[in-house]
Amino acid sequence: MHTFNQLLKKIIRSGIGKSRYWMAYLGLGIAMILIFISIQLYANFNELLHSPKNKNESADFLVLNKNITRESDRNAEKNAFTPSEIADIEKQSFVADFGIMTASQFKVEAQPPVELQFSTALFFESVPDRFLDIKPEDWKWQPGNRLLPIVLPNSMLNMYNFGFALSQGLPQISQDNVKLLPIKVTIYNNYGQEEFVGKIAGFSDRISSILVPQTFMDWANKKYAPAANPDPNRVIIKTKDPGDPLLTRYLEKHNYATDADKLKNSKIRTVVQIIVSVIGAFGVVLLLFALLVFSMFIRLIISSCRKEINLLVTLGTAPSQLKRYLLKQFVPMYFVIAVVCLALISIIQLWAAHRLEYYQLSVSKYPGVGVFIAALAIVALLYVVNSRTIQKYISK
Amino acid sequence: MQLAIQQLLPVPLKEKISQQGSGVWNNEIQFEEGKFIKIKAPSGTGKTTLIHYLYNTRYDYTGKVLVNGNPWQDYNASQVAQLRQQELSIIFQDLRLFEQLTALENIQLKNCMSGKAYCTDVEIDSMANQLQVSHVLQQSAATLSYGERQRIAIIRALTQPFSWLLMDEPFSHLDENNTRKAAQLIADACKKRNAGFILTDLDDDQHFEYHLEYQL
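Here the protein sequences come in this chain order: A and B.
For what it's worth, my numbering labels the leading residue of the first sequence as 10, then goes sequentially.
For what it's worth, my numbering labels the leading residue of the second sequence as 20, then goes sequentially.
Be aware that a few hints might be false.
Said to hold, decoys possible - In the DSSO-like style, the derived pairs of lysine-lysine whose C-alpha atoms are separated by at most 30 Å in a straight line are: (1) B/Lys83 with A/Lys401; (2) A/Lys337 with B/Lys135; (3) A/Lys316 with B/Lys211.
Claimed, not checked - Here chain B is said to cover these stretches of chain A; the calculated rule only asks that three of the stretch's residues, wherever they fall, bring their Cβ under 8 Å from a Cβ of chain B: (4) 14-22; (5) 294-308.
As the list claims (entries may be wrong) - Derived contacts from chain A toward chain B, CB cut-off under 10 Å, selection only: (6) Ser313; (7) Glu317; (8) Ile403.
Because the hints were derived from the structure by calculation, they are not lab data.
Since we're looking at a predicted model, the values are computed, not measured.
Ideal Cβ positions, reconstructed from N, Cα and C, are used throughout, including at glycine.
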């Protein structure tokens, strides 16, 4: 067969210049890479969203409140969640855990150490312990304790350091130093007052509020506002996927609000999906064109060598021999292109993983299974279409 | 391989043959295996047509051409190719070499068609020597004279196994010497394979010791 195929090569000449072939192969390569990129982008994005390595501590806790409108702004009752509303939220599919945020029914005044020269009115809120990412030994309080642990939101420290401090000529403080500061906390209302020593026990990204342990809040509210038992104005939910469109739609429907930042994921998701689809669609269209071009090459070869092919058949060449020869002109190159494109996508993926590490995001260093399956599928498709084309035009 | 014809009648010559009659057309003939068969036919009686019917390159006939008891129509393209590679060889009147190949390459094309080379290079060289075409083997087939091409076509037909060799005026452009040598070559090749041949030509001749002779 070795010599026979060499002789076939001299007989079956198509007149298609080498440059045309290379352009067609290049087009095919571009189509493959586009398809690989879109598949890998999608896989990467899913990994960023759902892989445990990327679990963003704040991303899956959402604090919900009702939108305060013009009609409701003087009426705290209207802005509270009724028990039936709470029950409805709890049973939604996107709610993995649910907690009530308790507000203080008393007034609070805080006074940092004398050097800082200010005292301020404050408020407290509390959530069930499981919603906080803080060690239990730092967060315990019992009636009789003078020491009161407090959790501040990160944004508050930033507001102080970059707003208040700079404008008032006050020193900026680091997180660690803030934890060392004792704060004189006075809680009071008509009932009476009491003093505590507050200590910042930690900072939170999840909840923008000043938090105290639930045990303290329960005790203080009972002591200073025993009759009151208001519905909560804020609730906290844990969700697996803040970008879930179901969630956003539910909030819209009931006119609840939450930190808009965290819902951005949903928008980003849609945008990424569109980008991925567009790239993928381009790739597929280009692939179809490549298929068409190769089919036409085959037709051209067969028709321009019609006489020679007829004589070969007359002399006894089997159709399968001709088919094998023609496929050999194209199929090996398909494999080569697939391998080259796989190598390219591996390099791109490695580079992307490396860049993302800088942002503390983690994706796999290697292209996913999807890309390899796509490569095999594309080459198989090319083989089948070429094979059919040859079959069709040889027997004519 | 058994070769037979039944009431074979070329459509274009129907009229003529029904008028004149024929020893081959419209008869039932079983060609005996291994026999050297001569079919004499004046010009225009359909010599080449008959060869093409037997080789299955023309199909405008009524009646049957039977290969191993089955008509050609029963065989698919792969089976026909197989028969032409293993059982049935041919020397065309118009030779049908590839002009893009050299003389030797034309021979090698048939020689290697089945995968393994049937004749060794030495055997081919020897045949070329006998027919005095050694010196043109490396030349492009397009540059050869008709006689040289005819001798190459003869050698090509012998680089395969066969049980039947079809020949259509194979010595038309050869001098006496070369004709004698070519006939010897062919007779030896056939005897070696226990094969028969069917040769068509215009006149009587003494090239071979024919076993059977027909008038077309």
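Residue hint glutamate 317 of chain A, partner chain B, criterion CB-CB below 10 Å: Holds. Min distance 7 Å.
Interface hint status, isoleucine 403 of chain A versus chain B (Cβ within 10 Å): holds, 9 Å
Pair hint lysine 83 of chain B and lysine 401 of chain A, alpha-carbon separation not exceeding 30 Å: Roughly 29 Å between the alpha carbons, so the hint for lysine 83 of chain B and lysine 401 of chain A holds.
Restraint check, 10 Å cut-off on beta carbons, for serine 313 of chain A near chain B: violated, 13 Å
Distance restraint between lysine 316 of chain A and lysine 211 of chain B, which requires alpha-carbon spacing of 30 Å or less: violated, 34 Å
Chain B over the stretch 14-22 of chain A, status - at least 3 residues with CB closer than 8 Å: holds (count 4)
Chain B covers the stretch 294-308 of chain A, three or more CB atoms within 8 Å, holds or violated: With 0 residues closer than 8 Å to chain B, the stretch 294-308 of chain A misses the three-residue bar; violated.
Hint consistency between lysine 337 of chain A and lysine 135 of chain B [alpha-carbon to alpha-carbon, up to 30 Å]: Measuring from Cα to Cα gives roughly 20 Å; hence the hint holds.
Checked against the numbered hints above, the structure breaks hints 3, 5, 6 and satisfies the rest.
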